[in-house]
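Engineer: So the chains spell out like this:
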Amino acid sequence: MISQFFVLSQRGDNIVFRDYRGEVPKGSAEIFFRKVKFWKDDGQEEAPPVFHVDGVNYFHVKVVGLLFVATTRVNVSPSLILELLQRIARVIKDYIGVLNEDSLRKNFVLVYELLDDVIDFGYVQTTSTEVLKSYVFNEPIAVDAARFQALGPAAMFMQGTKRMPGTAVTKSVVANEPGGRRREEIFVDIIEKISITFSSSGYILTSEIDGTIQMKSYLTGNPEIRLALNEDLSIGKDGRSVYDYRSSSGSGIVILDDCNFHESVHLDSFEMDRTLSLVPPDGEFPVMNYRMTQEFKPPFRINTLIEEVGSSKAEVILKIRAEFPSSITANTIAIQMPLPKYTTRANFELEPGVVGQTTDFKESNKRLEWGLQKIVGGSEHTLRAKLTFSQESHGNITKESGPVSMTFTIPMYNASRLQVKYLQIAKKSSTYNPYRWVRYVTQANSYVARI
Amino acid sequence: MAPPAQSQRSPSPSQPSGKSEVSDLKTQLRQLAGSRAQGVDDSKRELFKKVISYMTIGIDVSSLFGEMVMCSATSDIVLKKMCYLYVGNYAKVNPDLALLTINFLQRDCKDMDPMIRGLALRSLCSLRVPNLVEYLMGPLGSGLEDNNSYVRTVATIGVLKLYHISASTCVDTDFPATLKHLMLNDPDTQVVANCLSALQEIWSAEARTSEEASREREALISKPVIYYFLNRIKEFSEWGQCLVLELVGKYVPSDGNEIFDIMNLLEDRLHHANSAVVLATIKVFLQSTLSMTDVHQQVYERIKSPLLTLVSSGSPEQSYAVLSHLHLLVMRAPYVFSSDYKHFYCQYNEPSYVKKLKLEMLTAVANENNTYEIVTELCEYAANVDIPIARESIRAVGKIALQQYDVNAIVDRLLQFLEMEKDYVTAEALVLVKDLLRKYPQWSHDCIAVVGNISSKNVQEPKAKAALIWMLGEYSQDMQDAPYILESLVENWDEEHSAEVRLHLLTAVMKCFFKRPPETQKALGAALAAGLADFHQDVHDRALFYYRLLQYNVSVAEQVVNPPKQAVSVFADTQSSEIKDRIFDEFNSLSVVYQKPSYMFTDKEHRGPFEFSDELGSLSVGAESADNMVPVPRVEANDKDLLLSTSEKEETRGVSNNDTVYNAPSYDGSSPATAALQMQSLVISNPAVPGHTHQASLAIDDLLGLGVPAITSAPAPSPPTLKLNPKATLDPGTFQQKWRKLHIALSQEYALSPQGAAMLTTPQALLRHMQGDSIHCIASGGQSPNFKFFFFAQKVEEASNFLVECKINTSSGKVQMNIKADDQSTSQAFSALSQSALSKFGM
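If you read the protein sequences in the order shown, they are chains H and P. In terms of numbering that gives the first Met the number 0, the first sequence opens at residue 0 and continues consecutively. In terms of numbering that gives the first Met the number 0, the second sequence opens at residue 0 and continues consecutively.
Do not take every clue at face value.
Said to hold, decoys possible - Okay, derived cross-link-like pairs now, DSBU-like style, lysine-lysine, Cα gap no bigger than 30 Å in a straight line: (1) H:K25 / P:K91; (2) P:K421 / H:K361; (3) P:K18 / H:K61; (4) H:K365 / P:K355; (5) H:K365 / P:K25; (6) P:K18 / H:K25; (7) P:K48 / H:K39; (8) H:K398 / P:K456; (9) P:K48 / H:K132; (10) P:K18 / P:K109; (11) H:K365 / P:K456; (12) H:K34 / P:K579; (13) H:K385 / P:K421; (14) P:K91 / H:K340; (15) P:K341 / P:K579; (16) P:K438 / P:K355; (17) H:K61 / P:K595; (18) H:K36 / P:K456; (19) H:K61 / P:K341; (20) P:K109 / H:K132; (21) H:K34 / P:K355; (22) H:K36 / P:K303; (23) P:K462 / H:K398; (24) P:K456 / H:K61; (25) H:K398 / P:K303; (26) P:K421 / H:K398; (27) P:K421 / H:K318; (28) P:K438 / H:K365.
As the list claims (entries may be wrong) - Take a look, some chain H residues computed to stay more than 12 Å from chain P by CB distance: (29) E184; (30) I185; (31) G201; (32) D209; (33) R273; (34) T274; (35) S276; (36) E322; (37) G352; (38) T387.
Because the hints were derived from the structure by calculation, they are not lab data. All C-beta atoms, glycine included, are put in the ideal place defined by N, C-alpha and C.
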């Protein structure tokens with residue numbers, strides 16, 4: 000049960016504010032914002048998603064830079080409230096297409112309409128986009144998608160880590176296309192986040208894939224859908240360590256440690272033939288989340304070499320090798336490496352003739368940054384940086400720099416080899432043939448090489 | 000995220016002054032109110048939108064109330080909804096004008112369209128104006144009987160709203176009975192869920208004053224109701240399921256079969272993608288299997304994987320909430336998670352609140368098989384750019400070392416930290432090496448060799464400096480330069496800002512003096528002089544104390560300052576097991592995230608449905624125990640502080656640098672026993688300040704530890720008048736119930752006499768003894784050297800109970816007692832009584 004719900008912009012303005020129970024004194028939004036903004040004096044630590052001030056509990060989630068906040072005086076389940084906030088954000092996005100400050104401000108009346116039926120007197124009523132359709136009468140006001148995209152290629156990933164480019168992202172579930180017709184289509188995205196830690200000798204210390212099969216349906220009439228996954232998919236490794244690499248490598252079977260499913264998924268035939276059947280509700284939702292610690296081939300290898308040159312100079316050589324097929328291209332790659340505190344200057348040297356690469360030395364936090372727009376599978380890239388120190392380094396450079404961390408996105412690639420073999424839509428008519436999009440994308444969650 | 004430039008042009012004006020805009024709107028609304036022209040609804044919509052956007056940013060638009068109501072006569076549903084929203088917001092401050100809205104709301108409640116009926120009813124109930132209640136009754140009554148489920152869902156919550164406007168009106172009607180009927184019969188699960196929410200709130204609030212209400216509330220967790228909900232659980236939305244699962248968590252199944260049936264039925268809920276559903280299910284599993292150790296264990300194994308999956312899927316916020324719960328479970332049963340330690344490795348991009356939890360989990364799961372890898376990983380973090388986390392990591396390494404797995408290798412690592420030449424790393428490592436030496440004096444040789452190389456000039460942090468100075472004093476015979484380093488530190492006395500460091504310096508110079516007198520004499524003189532001139536009271540007092548002690552008798556002084564030491568075996572835990580159990584009882588609530596039981600952060604009326612049984616308890620115990628803040632010893636200090644304060648106690652046993660002792664006029668008497676007696680009378684004369692009492696009694700323990708055990712049995716200055724009933728009875732069920740409900744009134748540690756410790760080979764020995772003092776045992780267990788007892792006692796004249804949990808370790812002679820009492824005001828007296836009974840054991 001919550002008392003208030005509000006959305007704040009990055010500057011702390013109320014975009015919507017709904018008080019359901021009138022138990023929390025006025026000014027809660029200001030109290031909350033100050034607390035979040037100045038959590039610790041040094042500004043180093045972020046405010047946790049749940050905290051309390053004067054008997055009022057504040058919950059918040061960050062979505063595209065906006066703060067979705069709930070307050071309550073009661074000792075509730077934190078998971079319930081945080082799930083709810085996330086869900087409200089998703090429902091709003093389903094309705095207005097693009098979720099950002101501008102679109103939210105333009106559609107705030109619609110958002111109030113939604114909030115009215117999502118929560119009553121603090122109790123959740125429904126978060127189903129579909130059910131809400133019959134209660135919501137405002138037409139969404141579309142924001143100018145073109146302007147939004149002008150932010151550059153990175154913009155398509157700015158909507159949180161789980162999105163990928165495509166029309167699905169910006170289309171409202173309720174709005175009709177120009178011409179009054181809705182295009183019958185369904186999107187299935189397999190999104191994987193990789194976490195890897197390499198030891199200084201390049202050996203994999205830990206690795207994990209966290210994946211989601213996300214669906215967004217624009218099909219009319221709620222047909223039943225069957226999703227077939229790898230037939231030899233196996234789940235759970237009861238009784239043995241999840242980090243038992245040797246036993247699972249090389250066999251080609253995909254072994255998930257564990258997974259969970261959306262409410263609507265029927266698992267009747269899952270044990271038999273690894274198919275999921277469901278009647279997809281409107282809007283975007285995760286069909287299945289999974290976790291895998293089975294060994295997999297890392298998409299990138301990182302090689303770092305530090306050489307001392309004289310007493311107060313050193314050279315860093317960073318090598319990145321893309322170990323995936325050349326038909327695949329990774330994009331928006333960023334590599335970071337903390338340098339010793341006493342570094343004063345860094346001169347960079349890229350390979351001759353490269354395009355779309357940037358280098359920077361961040362003076363404030365002594366960090367080397369290397370950005371690459373694209374990396375084609377199979378290729379290798381090198382960066383040389385000549386460092387100048389303000390003091391002698393005592394041979395401690397390796398201890399005082401690193402680790403190297405990397406972020407990237409690789410479309411149409413998934414490290415786990417989990418696949419959607421087919422996507423079947425059960426509808427009688429032979430002429431009915433909606434668009435089906437099955438897309439894969441892999442992103443770095445924590446991709447770290449120690450030196 | 001929108002670029003700032005764009006939002007500058009955003010439709011809602013960032014901060015209009017208000018006044019003129021509002022009066023503008025007023026005029027415009029007036030013009031439109033009576034108009035039936037084409038397109039008037041569109042203009043109204045625009046105006047309404049403006050009003051609502053002002054309302055949102057906090058501009059007071061309540062002066063438009065009349066105009067808004069006039070404009071509300073419309074068939075346009077979007078307009079209607081905006082108007083409802085407005086009216087709901089301002090009716091409370093405009094009760095007279097609110098009356099204007101009643102008319103059209105009541106009419107809309109009879110509309111053909113169920114949607115309009117629902118919306119109007121919701122708005123009508125949201126007005127929050129007490130004197131309009133009479134207009135609510137009719138529409139609410141028909142709403143509950145509406146054939147449309149949407150209207151019924153609105154009406155059920157409407158009853159709850161009515162209760163909050165006027166509780167008596169609501170309870171006097173048959174609405175609660177209707178809700179109960181709907182809850183058990185309505186085909187729509189959202190109606191059912193709302194009935195449950197409403198009834199829980201209403202009965203919980205009413206139960207404070209009404210027996211009947213508390214019976215009604217109990218009825219919600221009766222077997223038929225629970226089974227009814229369990230059988231329908233899959234029809235509910237995920238949110239409804241959470242509600243049902245929370246209810247099921249309060250139900251106590253009658254036997255094992257029932258528990259298994261429920262668990263089998265809910266098994267697949269563990270695979271739900273909604274973490275709230277999974278956690279609520281886990282709570283049911285954990286709570287219902289508490290008494291079945293094996294099954295409870297299996298539950299841990301079973302829920303591990305789903306929890307780990309939830310931690311790694313979803314947004315960082317959701318994952319944090321789950322991780323907090325996983326943290327709780329790891330702390331309770333580290334061995335279950337010891338092979339999953341890699342999941343608790345920190346990722347560089349995680350926020351520090353997540354990293355902190357993970358570091359604690361890593362520390363907890365370390366055992367002989369994984370320590371090497373965990374410590375290796377932690378050492379990586381020690382070099383981290385995130386300094387607070389680097390510090391925490393070093394502390395974690397130290398804690399693992401203190402847990403005594405593979406100390407050998409860890410000591411090497413710690414020594415390597417000292418060589419890293421990063422200030423904060425050195426500082427943290429010094430503190431740790433000090434703690435480590437107190438537990439493993441055998442390592443002193445290796446450690447001292449490294450510590451000796453550290454220049455005290457490079458150590459600035461008070462805690463670290465104090466640790467270094469302690470080591471200089473303690474091991475001055477092994478460190479060649481010790482007297483000279485100390486001497487140079489004394490020379491810079493005035494530049495030392497931390498009193499803590501100066502105190503340590505005094506003691507260290509004293510210690511060093513007794514080991515290497517000729518080399519230290521000069522430094523000691525200088526230190527005592529500087530100490531006596533110190534403006535800080537404690538420093539001054541300690542210097543004076545040492546000075547007089549030396550004057551009185553040098554060999555006594557040596558005994559006091561350099562007594563033979565025992566290695567510390569276990570460092571005190573930060574949280575009592577009582578508090579931990581309470582947090583566990585409140586699984587899937589904020590208590591877990593805050594790591595505090597709910598009574599520490601919520602006021603009584605807001606504890607919500609989780610405190611279901613608790614409120615019931617306070618009801619039966621009586622109103623006088625309504626104080627929420629019970630004197631449970633709260634140790635909020637972080638581990639470092641804790642270790643340090645223990646260390647001080649340990650180091651100067653008897654001399655005790657505790658503040659309280661310093662203020663006591665004891666230094667001239669030089670007889671700790673008198674001081675103790677003085678202290679004791681101080682304690683007893685001042686029972687009104689429980690927190691203080693506790694601290695003071697700890698101080699007594701310290702003084703007693705000096706070797707004057709006779710004091711333990713000495714009668715307290717004001718003999719307790721409490722009389723206990725020698726034939727008291729209490730059945731185990733009642734005991735258990737009471738134990739859960741009551742807060743700890745007193746928590747104390749005593750020392751058992753050596754004779755007593757020797758006699759305590761089986762629990763029975765003590766039982767008979769305590770019975771002689773009218774303290775009865777209800778349960779006991781354990782094997783030498785650890786025993787645990789539950790005692791109870793009753794007052795002679797009234798049925799007021801005392802409950803005691805007593806843990807005894809016969810090898811250390813330590814007795815820990817937690818006392819709970821129906822009447823907390825007498826718990827002090829009872830404590831004295833039980834303490835004296837215990838001290839006679841073995842005599």
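Engineer: Find the hints from earlier in the document that the structure breaks and name them by number, from lowest to highest.
Structural biologist: 3, 5, 7, 10, 14, 18, 22, 24, 25, 28, 32
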